[in-house]
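**Student:** Since the structure of chain A is already known, use the hints to place chains W and F on it.
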Amino acid sequence: MQTLAQLAQIIGAELIGDPQAVVHRAQSFAQAGAGDITFAADARYRARINESRATAIVVAEAVADARPNLLVARNPKLAFARAIHALHRQAYQPLGVSADLVVGEGTTLGEDLSVHPRVTVGRHCRIGNRVTLHPGVVIGDECYVGDDTVIYANVAVYARTEIGSRVRIHAGTVIGADGFGFVPDEEGHQVKLLQLGRVRIEDDCEVGANCAIDRGGFEDTVLRRGVKLDNLIQVGHNCELGEDTVVAAQTGFSGGTKVGRGCVIAGQVGTQQHITIGDGAVVMGQAGVTKSVRAGAVVGGTVPAQDYNAWRRRHAVYSRLPELADRVKQLEKIIRAAGLQADSQQDDDAE
Amino acid sequence: MQTLAQLAQIIGAELIGDPQAVVHRAQSFAQAGAGDITFAADARYRARINESRATAIVVAEAVADARPNLLVARNPKLAFARAIHALHRQAYQPLGVSADLVVGEGTTLGEDLSVHPRVTVGRHCRIGNRVTLHPGVVIGDECYVGDDTVIYANVAVYARTEIGSRVRIHAGTVIGADGFGFVPDEEGHQVKLLQLGRVRIEDDCEVGANCAIDRGGFEDTVLRRGVKLDNLIQVGHNCELGEDTVVAAQTGFSGGTKVGRGCVIAGQVGTQQHITIGDGAVVMGQAGVTKSVRAGAVVGGTVPAQDYNAWRRRHAVYSRLPELADRVKQLEKIIRAAGLQADSQQDDDAE
Amino acid sequence: MQTLAQLAQIIGAELIGDPQAVVHRAQSFAQAGAGDITFAADARYRARINESRATAIVVAEAVADARPNLLVARNPKLAFARAIHALHRQAYQPLGVSADLVVGEGTTLGEDLSVHPRVTVGRHCRIGNRVTLHPGVVIGDECYVGDDTVIYANVAVYARTEIGSRVRIHAGTVIGADGFGFVPDEEGHQVKLLQLGRVRIEDDCEVGANCAIDRGGFEDTVLRRGVKLDNLIQVGHNCELGEDTVVAAQTGFSGGTKVGRGCVIAGQVGTQQHITIGDGAVVMGQAGVTKSVRAGAVVGGTVPAQDYNAWRRRHAVYSRLPELADRVKQLEKIIRAAGLQADSQQDDDAE
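Residue numbers (the numbering used here), protein chains in the order written: chain A, 8 to 358; chain W, 8 to 358; chain F, 8 to 358.
Looking at chain A on its own, in the form it has when it is part of the complex (with noise of 0.2 Å):
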């Protein structure tokens, strides 16, 4: 529960309306009521504002004769998942440590921990302070996990794996398995590259439910500080993600793929190995990346991914492609009808 006076002051928006009114809870605009706080993502929501109601709305700008209190923020989105923080993010309570807890020799446990039952950790780890781990985790050996690190349920983390401080890592995701190298032998036998490198989680990361990260070949597999992936994502060995980067679900990087800082790939996108995605640069869904992306460059449309507006171009023609094979047909009737024919000793002209 907060006032508006409070709230204002949290999420950093300019109060027009009751610095005394209370909200308790954030919700979407179509639900909100009364004692709610919700968020007018665009000019079509604004225009809907008195239909709403909420205590309070979330706005980029004011609205003339608004009835619901006004939070004016120039970034209202982030003003709002900052109100929803306020109103709803839970104090971490630490639920203690499992009797049940299998535990290797030389691990370390840290403070006020949730570990809560059926939860396996291996030798020589490191469990930071006030770490939760959900039923069915498995940790291998030697591995390092940082405070306030939360891992939900049936997550398996191979031997040797670091994860920072304050990540996430959603139910279901393997973490270090081995990177996918093989070799025919002389009979056509793949013969296995022993994957020796390891993965490193940095801090505040968040990997989404059922994802696979591979350990690297030799060197490792990283994922730098702030990297939120969605679920069922393939990051092959390798690979590195840059600072702040998000990844939509179920794209693939192959091994050694280079994604630069803050860079926005959707979902269902594909990279070839060992290209470089630039600093900044957006991937548009299904794209499949086969060479590297120049930081800031927006690229799209399936294989192989094409700077995006030079897709819509091609795309547009693409839509109209029978129309112009029939403007061809034509030309070529109309050619035909007046008798002219191509001068023989231009036939070799390149174009």
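No false leads were slipped in.
Any copy will do: because identical chains look the same in the list, a pair fits if it lies in one copy or spans two.
Below, computed lysine-lysine pairings styled on BS3-like, alpha-carbon distance capped at 27 Å: (1) Lys265 / Lys298; (2) Lys265 / Lys199; (3) Lys84 / Lys199; (4) Lys265 / Lys84; (5) Lys84 / Lys298.
Hints listed in this document are in silico derivations from the structure and should not be mistaken for laboratory results. Note that the structure is predicted; figures quoted are calculated from it, not measured.
**Tutor:** Just chains W and F now, kept in the frame of chain A:
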């Protein structure tokens, strides 16, 4: 074991043959032998009916001089599905509740359960009658699981999830992890939009292995009655999938996608956020659905998904693009040879 | 630790250098130092050989005036893979069987096992010798697991699965869940086709993390000897993958796909049901394979997959579509300016 007279009645087919003949087993056309019932999927199989040693064959129409007994059904695949059930569905036998069940306070358990070893159920849950929980299942606090539901090994269900009756959830699936919502702050760090909604799975749904179904942001992510999901599917926050819709493997629904009832979504499909797919629509494999799809439409063709017939026409021209380019080049040569030039005054004509 | 004389013999290379020099470790080219062996993958690396501080480098051909010792091998990547094995493969050490193993009646366990805590094995299984089962592994009734096989954490194996010898199955993978088969009834409700087949994984296969390999409808889903799957792969019911075939991450095989031996299937590929991919075929990333592919073919290019060279030619024109459309427009202007018209009698000519 059924006599054909019994089976014909159960599956709603007309028997041509011996009503007292007995079948023990359903089998594929290639493998079926004496005592088996099989299925002639189409005219090619019907033409080979006398090659089969099966005791009975389900067909769409009578075949003259057939040696095996025939069960003629208007929808033979459906009739065969029912025959498989009649012969192979095993009656539920409760295994009881494993003594090692970890269960939180305030949770109520139904009757005739089959709770395998190593299951963990949180606080204030309600587990219905005849529920089967396989080893490694983890159910969070305040969940509801309806009667006759089966949850396979190592499924993780986050807190506050509702799962209906007669639902089947295959191994490794994660239900209720956080939706993927972040907004960059002033320094480019990603701030999480806390995910406060739930997942609700209605009666008679089936969810494949290693899927991820995220909880909603504020409101719920919903699978309506009878939805069937294959494996490795992503359902983003606030999606709603309509009754009886089927979805093939590795498809991903971005946040807020609304899919109607009776849709057929093929594999590796992706959807843009917040679009709607109308009732009965069909989306072909690997389509990237960037705009809403009207009811009954058929769309396909990578990204962006297109009306399937329009896509086929475009693709036909696309397949001959090198020839089309050659034809344009040839026309240019002819025009050049003829000394023709554009009227410069028309240069700015709109096409 | 190996002398170069020993290592040359083990990996089948010719040594140019000091036979008594000793290497302890394999490393990447960039990181290799004294005591390390590394690998010059191609001419670019060979040109930089004298920058390396490695003790030995595996190369495809001799390099004049090389400072490091050279191991010259016809297939240097294969030779290097063998060197990594020689230096880093750890001899198997049985850990024994955890006292908390839950095992059903009628199951037989081999010798020298490594069964970690929290493993569950069903009834009437047969577990071979030197098998490793990591924590959280769940094996259903009537399964077979061959000698020297390793199953990583939280893998779920459904009943009646057969897994050969020297197989590795990475964490979170699900083997033997029901294939995806439904048929709508008279009211549009989906009726399940019960899945009565099994999964059989032959010797020397490796399956990545969080894959899903479904059981067959009647007959079996089969991975032949030596198949290697990356992570997050879907293998539908009744698929058969041929010997030594490798498949990259996030690929999905629809039901009944038959893949030959020695194929290379890249990432995010999808296949239509019931198609065949011939021996030695190569499928490029993200291809949607809608028709059978002949042996030795190379196909690529989203959906539908096409002969790779044909696709390249089409894509080259596609990339210049806006220019092609402009050229057609220009031709139309010229024709208009010249006052030419089609002979109306030719209007119905077939192209």
